[in-house]
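Engineer: With chain X fixed as given, assemble chain Z onto it according to the hints.
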Amino acid sequence: MQANDTSGHVPEFPERSGRKRAIPHISIESQGMIEGGPIQSGTTVWLKGTGQMSDVVMSSRARAARNLAGFPFPPAASSADRSQIMEICRRCIESLDHDKGSTVRWFDLRNSEPTDRRLLVERQLMSRQHARGRYANGEGGPDSPRGVAVIEPEERISILVNEEDHLRVQVIRPGLALEECLNEINEFDDAIEEIVDYAFHPQFGYLTACPTNVGTGLRLSVMVHLPALKMTGELEKVRNAASDMGLAVRGLYGEGSQAAGEFYQVSNQVTLGRSDEMLLREIESEVVPSIVRYEQHARAQLMTESRALLEDKAFRSLGILQNARLMKPDEALEHLGLVRLGVICKVIPDITLATVHELLLMIQPGHLQRSVGKELSQSERRVARADLVRDRLNQSKP
Amino acid sequence: MLCECQQRQATIHEVLIQHGKKVERHLCEQCASKIGVSTDPHMPISQLISNYISGKNLSIPTVSDKDEPSAKKPRPGATPPCPSCSMTFSKFKDTGLLGCPTCYSSFQTRLSPLIARAHEGGEQHIGKVPRRALATLSESSGTDLESLLGSASEREQRLSQVRTKLSNAVEHEDYEQAAMLRDEMTRLASLPSSQIETRVVSSSSSVQETEQTS
Chain X
1 MQANDTSGHV
11 PEFPERSGRK
21 RAIPHISIES
31 QGMIEGGPIQ
41 SGTTVWLKGT
51 GQMSDVVMSS
61 RARAARNLAG
71 FPFPPAASSA
81 DRSQIMEICR
91 RCIESLDHDK
101 GSTVRWFDLR
111 NSEPTDRRLL
121 VERQLMSRQH
131 ARGRYANGEG
141 GPDSPRGVAV
151 IEPEERISIL
161 VNEEDHLRVQ
171 VIRPGLALEE
181 CLNEINEFDD
191 AIEEIVDYAF
201 HPQFGYLTAC
211 PTNVGTGLRL
221 SVMVHLPALK
231 MTGELEKVRN
241 AASDMGLAVR
251 GLYGEGSQAA
261 GEFYQVSNQV
271 TLGRSDEMLL
281 REIESEVVPS
291 IVRYEQHARA
301 QLMTESRALL
311 EDKAFRSLGI
321 LQNARLMKPD
331 EALEHLGLVR
341 LGVICKVIPD
351 ITLATVHELL
361 LMIQPGHLQR
371 SVGKELSQSE
381 RRVARADLVR
391 DRLNQSKP
Chain Z
399 MLCECQQRQA
409 TIHEVLIQHG
419 KKVERHLCEQ
429 CASKIGVSTD
439 PHMPISQLIS
449 NYISGKNLSI
459 PTVSDKDEPS
469 AKKPRPGATP
479 PCPSCSMTFS
489 KFKDTGLLGC
499 PTCYSSFQTR
509 LSPLIARAHE
519 GGEQHIGKVP
529 RRALATLSES
539 SGTDLESLLG
549 SASEREQRLS
559 QVRTKLSNAV
569 EHEDYEQAAM
579 LRDEMTRLAS
589 LPSSQIETRV
599 VSSSSSVQET
609 EQTS
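Chains as they are written, first to last, in the numbering used here: chain X, 1 to 398; chain Z, 399 to 612.
So that you can see chain X by itself, here it is in the shape it has in the complex:
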């Protein structure tokens, strides 16, 4: 309410106690925000394998794109502008309330190690573009002022500063839980709006650097695992039906990635002319449940009519994972996908879902290199990946 003036000079921010303070003299640690430091090890919240429809739905994610009024969008801003925007956003994030027992960790990506950036991307806490720092118009670069705040230990919420938009708030949860994600985004959004003025237009809604995101600025996406539909040859039908509804279907690691292992992300394309409620209803109550039913039906069909085929595929993949000496990421993903199907259909008895999910994260280059404690070349990674997968899968045998 207080800081309405964003045209040029930096506004003042209320402390959580309500007292006002001037900007330049705050120690960040004192506000409960930790600067930098190690990225958590172990699995991350969206791979827990819990939540609604978790046999098919891996995770749900909501993301809101927001920009401050009176500043150029990051791709067109000067480096000095970007620094100032980052400072405002960082202070804003710092003053937000968060759950007891959790910590906000701020990563200034200008001074970060490439390995750290890779880990953040692999944990889906930020985009690849944000790691590179290069915008679609060719501006920016590794040293471009930008950062990401991650709320630990859950890693459910991350806030990207100076990605394509000034602020991108993301909430990710295991299973089908878009409504919870959206509610949490809205809480953060309201709290941020208490401090800064958002760029908003009566016709176009929340203004974003790319006009494909205007309106609600909201992207809802659900990651689904559809190996049975692939086997029964019905996957294309589902993909086409989703496209017809204006939804995008992408691979596991987001935009531009291949759908190895039959992991897909279903998300909305349209953000203008449909409210968040309508979007939510369409994806969470209509599209995803029907995709889930199709996949469950295909699984049941495989179990009754072609159980031998299903068992064969799952166990062949398990055999490769337990024995291979060189492993490419896509190959690992493909076999882990089939093993996951085998575990869920209870044809593979001695592997847990948690192990499979952990491996989905650990086989990626950044995590792989962290687990061995050094940088590896591509061919070294294939060896290390095969070793890691073999080790984990033979370990969990009784």
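Derived from the structure by calculation, the hints contain no laboratory data. Mixed in with the good hints, there may be bad ones.
If you only want the chain Z side, here are some residues facing chain X, beta carbon under 10 Å, derived [said to hold, decoys possible]:
{"#": "1", "residue": "Met-399"}
{"#": "2", "residue": "Leu-400"}
{"#": "3", "residue": "Gln-404"}
{"#": "4", "residue": "Cys-426"}
{"#": "5", "residue": "Gly-497"}
{"#": "6", "residue": "Gln-506"}
{"#": "7", "residue": "Ile-524"}
{"#": "8", "residue": "Lys-526"}
Even for Gly, the Cβ is constructed at its ideal location relative to N, Cα and C.
Structural biologist: Below, chain Z without anything else, positioned relative to chain X:
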């Protein structure tokens, strides 16, 4: 159903509303691509926009893009650059990115049809509004924003009530009631889009008017 060419099965169905009349066209892929109706459901939005901007997609009106071979020298009569960040429309066409919030007002006339196309006809924001923006906007411009969004949010509220009733009805296996509620939900949800469709009309000039169906 056969295509207008009477030779192949129609697989592309285009519905446009022009001068208050619904115009339906049923086309096969060959005819659709000849006419310039997009047939690729997987085309990413960025490509759709750039196709649209460069005038490849003929079913969309473009604003004299073809006589701008080099964007270097802004000709008189061309869209002036954004006064706030000096972004030019041709630079936006190259990158798909706008320079600052003011660009939306600076290029509003040329942007509006592009945005509507990218959002499947969506032209008007519906949903959440930053509280302070709401206050400022209705004060300064006297826009009808409050009532517009108020009614939308009322609609949302009604929708969520109906949804709750619906799930209760399903729980109690009252399917007759559930069907009625479902219809009401569809009707409520379709309100904003029908509003938008009528507004699309004026900009879809390239489609010829045919007889009114239903």
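Engineer: Take the hints in turn and mark each one as holding or not.
Structural biologist: These are the hints, each one checked on the structure:
1. Met-399: violated (17 Å)
2. Leu-400: Violated, because the Cβ-Cβ distance from Leu-400 of chain Z to chain X comes to roughly 21 Å (cut-off 10 Å).
3. Gln-404: violated (25 Å)
4. Cys-426: Violated - the Cβ of Cys-426 of chain Z stays beyond 10 Å from chain X, reaching only about 17 Å at its closest.
5. Gly-497: Holds, because the Cβ-Cβ distance from Gly-497 of chain Z to chain X comes to roughly 4 Å (cut-off 10 Å).
6. Gln-506: holds (8 Å)
7. Ile-524: For Ile-524 of chain Z, the interface hint holds, since the closest Cβ of chain X sits about 5 Å away, which is under 10 Å.
8. Lys-526: holds (6 Å)
Going through the hint list in order, the structure does not satisfy hints 1, 2, 3 and 4.
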